[in-house]
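**Q** Below are the chains, spelled out letter by letter.
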Amino acid sequence: MSYPLLEIKNATKIYSRGGTFFGSKKQVIALQNFSIKIEPEPATITTIAGESGSGKTTLASAILGFVGLTSGQVLYKGSDISLMSKQQHLDYRREVQAVFQDPYEVYNPFYRVKHVFEVAVNNFKLAKNRNDKRELIENALNVVGLRGKEVLEKYPHQLSGGQRQRMMIARAFLLKPRLIVADEPVSMVDVSLRSMILDIMLRMRDDFKISFLYITHDLSTAYQIGDQIHILYQGLVVERGKTTNVIENPKHPYIQLLIDSVPVPDPDHIWNEKLELSAEEETRGDMNSACRFYARCNKKQDCCLVKHPPILYKMDGSDHEVGCHLYKPL
Amino acid sequence: MITAQLEMLKSLETESRWKFVDPILEVKDLRVHYATPSGDVIAVNGISFKVNKGEIMGLVGESGCGKTTTAMAILRLVQPPGRILGGEVRVDNVDIIPLTPSELRNIRWRKLALIPQGAMNSLNPIMQVYDQIADSIKAHEPRTPEKIIKERIADLLSLVGLPARASKLYPHELSGGMKQRVCIAMAIALNPPLIIADEPTSALDVVVQRLVAQTILDVKQRLNVSMILIGHDMGLQAQLVDRIAVMYAGNIVEISPARIIYKEPLHPYTKLLISSIPSIKVRKPLQLTSGLTHDLRNPPPGCVFQERCPNVFERCRKEFPFLGEVMPGLEVACHLYDDLKMQQSI
Chain A
1 MSYPLLEIKN
11 ATKIYSRGGT
21 FFGSKKQVIA
31 LQNFSIKIEP
41 EPATITTIAG
51 ESGSGKTTLA
61 SAILGFVGLT
71 SGQVLYKGSD
81 ISLMSKQQHL
91 DYRREVQAVF
101 QDPYEVYNPF
111 YRVKHVFEVA
121 VNNFKLAKNR
131 NDKRELIENA
141 LNVVGLRGKE
151 VLEKYPHQLS
161 GGQRQRMMIA
171 RAFLLKPRLI
181 VADEPVSMVD
191 VSLRSMILDI
201 MLRMRDDFKI
211 SFLYITHDLS
221 TAYQIGDQIH
231 ILYQGLVVER
241 GKTTNVIENP
251 KHPYIQLLID
261 SVPVPDPDHI
271 WNEKLELSAE
281 EETRGDMNSA
291 CRFYARCNKK
301 QDCCLVKHPP
311 ILYKMDGSDH
321 EVGCHLYKPL
Chain B
331 MITAQLEMLK
341 SLETESRWKF
351 VDPILEVKDL
361 RVHYATPSGD
371 VIAVNGISFK
381 VNKGEIMGLV
391 GESGCGKTTT
401 AMAILRLVQP
411 PGRILGGEVR
421 VDNVDIIPLT
431 PSELRNIRWR
441 KLALIPQGAM
451 NSLNPIMQVY
461 DQIADSIKAH
471 EPRTPEKIIK
481 ERIADLLSLV
491 GLPARASKLY
501 PHELSGGMKQ
511 RVCIAMAIAL
521 NPPLIIADEP
531 TSALDVVVQR
541 LVAQTILDVK
551 QRLNVSMILI
561 GHDMGLQAQL
571 VDRIAVMYAG
581 NIVEISPARI
591 IYKEPLHPYT
601 KLLISSIPSI
611 KVRKPLQLTS
621 GLTHDLRNPP
631 PGCVFQERCP
641 NVFERCRKEF
651 PFLGEVMPGL
661 EVACHLYDDL
671 KMQQSI
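So the sequences go chain by chain: A and B.
Residues 1 to 330 (my numbering) make up the first sequence, in order.
Residues 331 to 676 (my numbering) make up the second sequence, in order.
This is chain A alone, in the form it adopts within the complex:
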């Protein structure tokens, strides 16, 4: 029986914060009932999109094992990551790699950048001797368009943000991962250099069959490279499906607002209408709240206040699903 590469079942993460001496701790639901399946093949780029507070960073942390879930499971090749044996865990750590947002803070500024590769190769015993190690590192660098002699001996501050980020991708690639979790990999990189990094992700998918979980708030880049997209709002999935379908034909009022608000680089194509201030006000719901978007929605109905989160309705037989009562089947 073949398992999906990564499966998340009903993941929920609740943070308790605040609380005075007299009690009343406040609960923040970062993620609620999130489920996803990423198959071992074909290799895909799945985008998890959302604004700040949507839960996407919590999701990345849960997948990488940095935080535990309040309920639900993260299964890698069928095994729950919180119950893995030591060997299974080691394999997991190698096969699921990460690239983070800040291409500076991930480096120890006292070491030359070759240090990050040495640590990876040594920890996972990837090379038998010096020559093998050198070759391995050089190959990984070539995949991202860099050459060892140009970069390895430099210190982090001597390289550009784009180069540092590419090196991080090379380091992930070195370990021959099955899945790379990329959390806002280009948002701190100059605009003119972003395409290069996105292109590397596409080539890794196509040439090396590595899948990506691309986590971002930037719908434009998601549109350019994602195969599937899941959009989060206050911890819940509000719309998901094939990227082109969702972005070209958004159904959920929140997604429509989002896409409409992305500034188009054309001075003759300004924003459609003036936004009302209510578009900004937001309250955070609790477990039993109804639709999280109610306060800001311009198409709200009474049923949206019914006390359960909207289920995902399927749009005309495809895998395009929306969490909005507007699309309730009649």
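Just so you know, these hints were derived from the structure itself, not from any lab.
Note that the coordinates shown come from a computational prediction; the quantities given were computed from them, not determined experimentally.
Hints should not be assumed to be uniformly reliable.
Ranges between beta-carbon positions, derived for each pair [to be verified]:
(1) A:D302 with B:K593: 43 to 53 Å
(2) A:I270 with B:S452: 44 to 54 Å
(3) B:Q544 with A:R134: 51 to 61 Å
Only part of the chain B face toward chain A is listed, based on derived beta-carbon distances under 10 Å [what the hints assert, rightly or not]:
(4) S393
(5) I414
(6) G416
(7) H502
(8) L541
(9) Y599
Only pairs whose alpha carbons sit at most 27 Å apart, straight line, appear in this in silico DSS-like list of lysine-lysine [stated by the list, open to error]:
(10) B:K611 with A:K314
(11) A:K274 with B:K383
(12) A:K26 with B:K498
(13) A:K9 with A:K37
(14) A:K242 with B:K498
(15) B:K550 with A:K274
(16) A:K209 with B:K614
(17) A:K251 with B:K614
Ideal Cβ placement from N, Cα and C applies to all residues, glycine included.
Fit chain B to the given chain A structure using the hints.
**A** For chain B alone, coordinates are given in the frame of chain A:
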């Protein structure tokens, strides 16, 4: 062929708009260097440009190109190891480079205000909104009576679309967008004719960004204030600015009306910038660029962009291309257009 290109550019934007009538800001040959142990880094390499009254000018470029340094120099806020080597910055016809600190205090906030990068994070966490805005008014106009301050703040809050009750709130009770609008209110408190906004929406979500951008446009229309909008989000720039100045490695390489630059960028670097904007409307293959900026301590002779330019030819490696007018309002620093520039000066 030259005339054809000129004609096409002219068809995109009417000339008369850009005959400079009344610049609120005139920068001439501004030079800023940063001292380092291995020599001076040339951060701003003798740039010149004008901003008209009632105009929003975009200033774009990669990180390290000198746009923030330029803003700091205009405000006379360059700190060591940076220093202004030369040039003129005329604000409302007064060159502010030679002014003394007390003379500068008269200019700042009254003639020239700043919304710095990450402004919303630098609001005083233990002061209510009212007190913070009042503070900025009193710092530059200390003799304003309390009654006037109260009225002024009420006006300001309404101008930026904040509810009156916001004046009693602390920063942590405000959302990111609301905090940014408080910063905008502070900048317009003394009705300056020119505001410099450095990435005013960078940390904000897309929808909030739209609201804040709307506020900026509202403010500009109602007060007829001029602005320099520094940023790298070309999509946002298109929504807000009248003209764009593109900087690369300390130099301005192109200044062009917004309508023209997005359709017909002239400088090869601008072309790169425009073509690398990901679109949410059209799924197209990714545009790749190559090469790195040169070492800012040792710029090569000739054009600063020669290492990355796909159109480089011999002249580029020897002669520095100066910023020259191709038509009123459109200037470019590139040898590809030497003939067009000559045409203009005839």
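**Q** Look at each hint and say if it fits the structure.
**A** Checked hints:
1. A:D302 with B:K593: 43 to 53 Å: Given a distance of about 48 Å, which is inside 43 to 53 Å, the answer is holds.
2. A:I270 with B:S452: 44 to 54 Å: 30 Å, violated
3. B:Q544 with A:R134: 51 to 61 Å: 55 Å, holds
4. S393: 6 Å, holds
5. I414: 25 Å, violated
6. G416: 29 Å, violated
7. H502: 13 Å, violated
8. L541: Given a least distance of 6 Å, the restraint on B:L541 holds.
9. Y599: Hint on B:Y599: holds, closest Cβ of chain A at ~9 Å, below 10 Å.
10. B:K611 with A:K314: 24 Å, holds
11. A:K274 with B:K383: 25 Å, holds
12. A:K26 with B:K498: Holds, at roughly 24 Å.
13. A:K9 with A:K37: Holds - the C-alpha atoms of A:K37 and A:K9 are around 9 Å apart, at most 27 Å.
14. A:K242 with B:K498: Between A:K242 and B:K498 the Cα gap is close to 46 Å, so the pair fails against 27 Å, i.e. violated.
15. B:K550 with A:K274: Holds, at about 16 Å.
16. A:K209 with B:K614: Distance of about 22 Å is within 27 Å: holds.
17. A:K251 with B:K614: 23 Å, holds
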